[in-house]
Structure formats: C-alpha cells, structure tokens
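Engineer: Line order of the protein sequences matches chains A and B. Residue 804 in the working numbering sits at position 69 of the first sequence; the count goes up by one each step and never skips. Residue 811 in the working numbering sits at position 76 of the second sequence; the count goes up by one each step and never skips.
Any given hint could be a false lead.
Straight-line distance between alpha carbons at most 30 Å, and here's what the computed DSSO-like set of lysine-lysine pairs gives [unchecked claim]:
| id | chain 1 | residue 1 | chain 2 | residue 2 |
| --- | --- | --- | --- | --- |
| 1 | B | Lys-864 | A | Lys-923 |
| 2 | A | Lys-918 | B | Lys-956 |
| 3 | A | Lys-937 | B | Lys-886 |
| 4 | B | Lys-814 | A | Lys-757 |
| 5 | A | Lys-898 | B | Lys-898 |
| 6 | A | Lys-737 | B | Lys-778 |
| 7 | A | Lys-864 | B | Lys-943 |
| 8 | B | Lys-923 | A | Lys-814 |
| 9 | B | Lys-757 | A | Lys-757 |
| 10 | A | Lys-898 | A | Lys-789 |
| 11 | B | Lys-864 | A | Lys-880 |
| 12 | B | Lys-864 | B | Lys-757 |
| 13 | A | Lys-898 | B | Lys-923 |
| 14 | A | Lys-789 | B | Lys-878 |
| 15 | A | Lys-778 | B | Lys-757 |
| 16 | B | Lys-953 | A | Lys-757 |
| 17 | B | Lys-878 | B | Lys-953 |
| 18 | B | Lys-943 | A | Lys-757 |
| 19 | B | Lys-757 | A | Lys-943 |
| 20 | A | Lys-757 | B | Lys-918 |
| 21 | B | Lys-943 | A | Lys-918 |
| 22 | A | Lys-757 | B | Lys-937 |
| 23 | B | Lys-878 | A | Lys-898 |
| 24 | A | Lys-864 | B | Lys-923 |
| 25 | A | Lys-778 | B | Lys-898 |
| 26 | B | Lys-814 | B | Lys-918 |
| 27 | B | Lys-918 | B | Lys-778 |
| 28 | B | Lys-737 | A | Lys-778 |
| 29 | A | Lys-864 | B | Lys-918 |
Non-contacting residues of chain A with respect to chain B, defined by C-beta distances greater than 10 Å in every case (computed) [claimed, not checked]:
| id | residue |
| --- | --- |
| 30 | Gly-767 |
| 31 | Leu-784 |
| 32 | Glu-869 |
| 33 | Pro-914 |
Not everything, but these chain B residues come out facing chain A in the computed CB check (under 7 Å) [to be verified]:
| id | residue |
| --- | --- |
| 34 | Lys-757 |
| 35 | Leu-780 |
| 36 | Glu-782 |
| 37 | Gln-785 |
| 38 | Met-786 |
| 39 | Pro-911 |
| 40 | Glu-915 |
Derived by calculation from the structure, the hints in this document are not laboratory data. We put the CB at the ideal spot given by N, CA and C, even for glycine.
There are 2 protein chains.
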Amino acid sequence: MKYLSIDSSSRRLLLLGVNEDKTMGVTLHNVGRHGTYLAPAVKDLLEYLQMSVKELDFIGCGIGPGSLTGLRVGISTVKGLAYPFDIPVISFCSLDLLAYNNYLSSAVVMRRGREGYYYRRKYRFEGYKPVPVEEPGFDSVDKLKSGILTKNEVLIFENEQEKEQFEGYDSLIALPPSPEIMKQIIVKAFEAGETIDVRELKPYYLQKSVAELNWERKHGKST
Amino acid sequence: MKYLSIDSSSRRLLLLGVNEDKTMGVTLHNVGRHGTYLAPAVKDLLEYLQMSVKELDFIGCGIGPGSLTGLRVGISTVKGLAYPFDIPVISFCSLDLLAYNNYLSSAVVMRRGREGYYYRRKYRFEGYKPVPVEEPGFDSVDKLKSGILTKNEVLIFENEQEKEQFEGYDSLIALPPSPEIMKQIIVKAFEAGETIDVRELKPYYLQKSVAELNWERKHGKST
Numbered sequence: 736m737k738y739l740s741i742d743s744s745s746r747r748l749l750l751l752g753v754n755e756d757k758t759m760g761v762t763l764h765n766v767g768r769h770g771t772y773l774a775p776a777v778k779d780l781l782e783y784l785q786m787s788v789k790e791l792d793f794i795g796c797g798i799g800p801g802s803l804t805g806l807r808v809g810i811s812t813v814k815g816l817a818y819p820f821d822i823p824v825i826s827f828c829s830l831d832l833l834a835y836n837n838y839l840s841s842a843v844v845m846r847r848g849r850e851g852y853y854y855r856r857k858y859r860f861e862g863y864k865p866v867p868v869e870e871p872g873f874d875s876v877d878k879l880k881s882g883i884l885t886k887n888e889v890l891i892f893e894n895e896q897e898k899e900q901f902e903g904y905d906s907l908i909a910l911p912p913s914p915e916i917m918k919q920i921i922v923k924a925f926e927a928g929e930t931i932d933v934r935e936l937k938p939y940y941l942q943k944s945v946a947e948l949n950w951e952r953k954h955g956k957s958t
Numbered sequence: 736m737k738y739l740s741i742d743s744s745s746r747r748l749l750l751l752g753v754n755e756d757k758t759m760g761v762t763l764h765n766v767g768r769h770g771t772y773l774a775p776a777v778k779d780l781l782e783y784l785q786m787s788v789k790e791l792d793f794i795g796c797g798i799g800p801g802s803l804t805g806l807r808v809g810i811s812t813v814k815g816l817a818y819p820f821d822i823p824v825i826s827f828c829s830l831d832l833l834a835y836n837n838y839l840s841s842a843v844v845m846r847r848g849r850e851g852y853y854y855r856r857k858y859r860f861e862g863y864k865p866v867p868v869e870e871p872g873f874d875s876v877d878k879l880k881s882g883i884l885t886k887n888e889v890l891i892f893e894n895e896q897e898k899e900q901f902e903g904y905d906s907l908i909a910l911p912p913s914p915e916i917m918k919q920i921i922v923k924a925f926e927a928g929e930t931i932d933v934r935e936l937k938p939y940y941l942q943k944s945v946a947e948l949n950w951e952r953k954h955g956k957s958t
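With the rest of the complex left out, here is chain A:
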C-alpha cells in the first residue's frame, strides 16, 4: 500500500509517506511557515520513497482543531494532491495525535485556542490505545473548570506553562506527536473503511477566527 499523510494543525508540521514496507516521517517545528515548506517537503518525501502522487491509495489529513491558517494550508495541499487523481482521503482529529502518549484509564487532551480558551477531547484507553469518547469541543477556561472537566481525569497539555491555568488537576505534558503515531491512526481508520471523497474534506473550525469575531462585533451575528 502507498499513502501520504499530513497534519498542519500546530506549529509542528507532520508528514508521513509509506511505500509498501518503507516508511518515512518528517517533522518540521518552527522551520518556517507551513505555506512555504509543505509543498517542497512533500516533493522530497515522495522522492525518498520513489513513488508518485497518482500511485497513492489514500491521503491522510489532520483536520484540527488547531491553528486556522495551518489547517487551511494542510487541507488545501491535500485537496490539490487528491483532486486530479480522485484519491480517497482519511481525515482524523489532530488531538488524537497527542493522546497516543500515555497509559491511563481516562484522559483529556487540551490544546490552547485563543486567549482563555481550549480545544479538548476526552479519551478512554483500551489495552494502552486511546479511544475518543466525544467529539472535540472548544470552551473557555472558566466553563471547563466549572463542570466540563472532573478531577478524576488526567489532563494532557502540549506546553508546560498551560498546566498553570489548571492548578489542582492531575496533568502531564504530551510527548511530541510523531508521523508514526499518525500512521497508526490513519491505518486503523483505513482498515475500518473510513475513507471519504476529497470534496468532503473540511477542518474542525470550532473556534471563530478573529476576523469573524470582529465582523460580528460590527455587523451582528450572521446566522
């Protein structure tokens, strides 16, 4: 099987290429804007693995939640690659990449959104593998503390300083997500028949962009 996968939901760009038994993973963290590096990095990856886009059985794509600009770049790139050859797509929640880190009974992955807000998704663990138990959510720190989070769950953060906002909760820092964890996620989804048409691919936009918030402030809600 031949496939490619991208997650661009954070400042750490994850790329994976698989050509039968050959696997190549690339992580670019802060190396530059995703928009500048993603396309050449995909090209280099395909060269290392000696395969071409039209041979791919599917393309994996992290759809967030996370950086809005990052997601637009990643998803646009996947669309650009998949459209011409009608390659099926596997989309997955980017928070799942952070859950593959620990062997707990229950945990909530927490990713910072805009000031005072967090994306979150809860997992239980089956034989050391995380299984999501809810759709990802987006809430204020106050709302999370006054009901959504319980003190029985371990919170998994990406950065040390984020723990400070949740004093009194049991928490740990996620190991950095890796392309090979992405591989486990997309292979499982592919085997479960969860491919979608590239036209259906869209991001988890749980958080409104600052531009949208400003527009609503001026003109009222659009819905």
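Got chain A sorted already, so can you dock chain B onto it with the hints?
Structural biologist: Relative to chain A, chain B alone:
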C-alpha cells in the same frame, strides 16, 4: 543552540536537526540501507535548517545496543562530521528511545538480538520520565526468564511477535521512537555536561557478531 543527532541502531533511522528554535526530525524505516541514505539525509536536513556542520555545538549519537552494521554506519558518520571541527559528542543508549512511551512505575525495554537473545535495560519512572537503573545487558531468553526478569515489571517490546516468547509477563509494544524523543534525551545529557570527545565515541557491542562467533568456534576465545 545548533545540533544534530543520529540513531541508526535499528531498521528505523532517526535523524534530528535543531537550529535555535527550529527543529526538524526525519525517520526512515526500511527505506534503504543506512549506508546509502544517511549521508544524503543529513545533507538535506542541514539545508532545510539552513545551517552547516561547522556551526554545530554538539552532535548526538545513539550507540546501541542494536544492529551492528547500523551502528557502524551511524557512528562512522558522526565521527566523519565531528572530527574536522572537533565538535563535542553526546552518546546515548538507544534503548532509552523506547522507554519514553509509558507511565509505569518500572519497566524493562527489550530489543531482539540474535536468535534466542535479547538486549534489555530496566527503567524506573520519575514524574513520567524514564530513568535507567542499570547498564544495558544482553542475555538468552532462558536466562532472562530464570531470574533476571521479575513478573512485577512491564516488558516493553518493539514488535508484537516478540511478546509471544514471554507469555505470562505483563508487556506492551513501544510507541515508535521519534527524533523528538531523541531531542529530549540529548538535551538533558548536554545540560548535565555529558559531552565526550569524538575520539571516545564507541558503540555498545554487547553481542558478538556472527563472524566473531565463527572465528572463536574455529580458533578458541581470543580474550
């Protein structure tokens, strides 16, 4: 800080480059012989990060235990890069890469050596970080079962089929080691002042090569 790190102790070649806040990680699994791919991959990595060998503050190097040929390639490459500019080296035990996977109280990382033999290293966990409690060892399955391993420890394997040889023991499969886990290991060692001169760099050769065993069979032990 600028640095580079390589682990070539298994079929999964791990490469890491850091240029101040920029990090790039590359994993090549089965892509080809390490001897063919390592040098060009290092060159590409340095180009992505826009840095050159002579600028490096140190070079990290996994010294096994593991594949003898793989280690020779990795260590020779690090020597080739470090010698001309007298760049300090951080050497680390490759088994440590597999221990950063789990949040247990005690665990033993197990890596297959030649038929019927395993490399192993035991860890305790400090606030979710593994701390080795012994030097790596190399023993037969029989010897491991009749005394070295206890049933209180969790065994961490690289592949599913290896678990079968240790039925009755609590065990799990390591998450694939990643360049960013290597980063945590070498940065910790660098901060602890554990650099060595490149002339001191040598592999953990716990297992005699098949050639050595054959020689001894014919000529008697050389000790």
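Engineer: Which earlier hints turn out false for this structure, listed by number in ascending order?
Structural biologist: 2, 3, 5, 7, 8, 10, 14, 16, 21, 23, 25, 30, 31, 33, 35, 36, 37, 38
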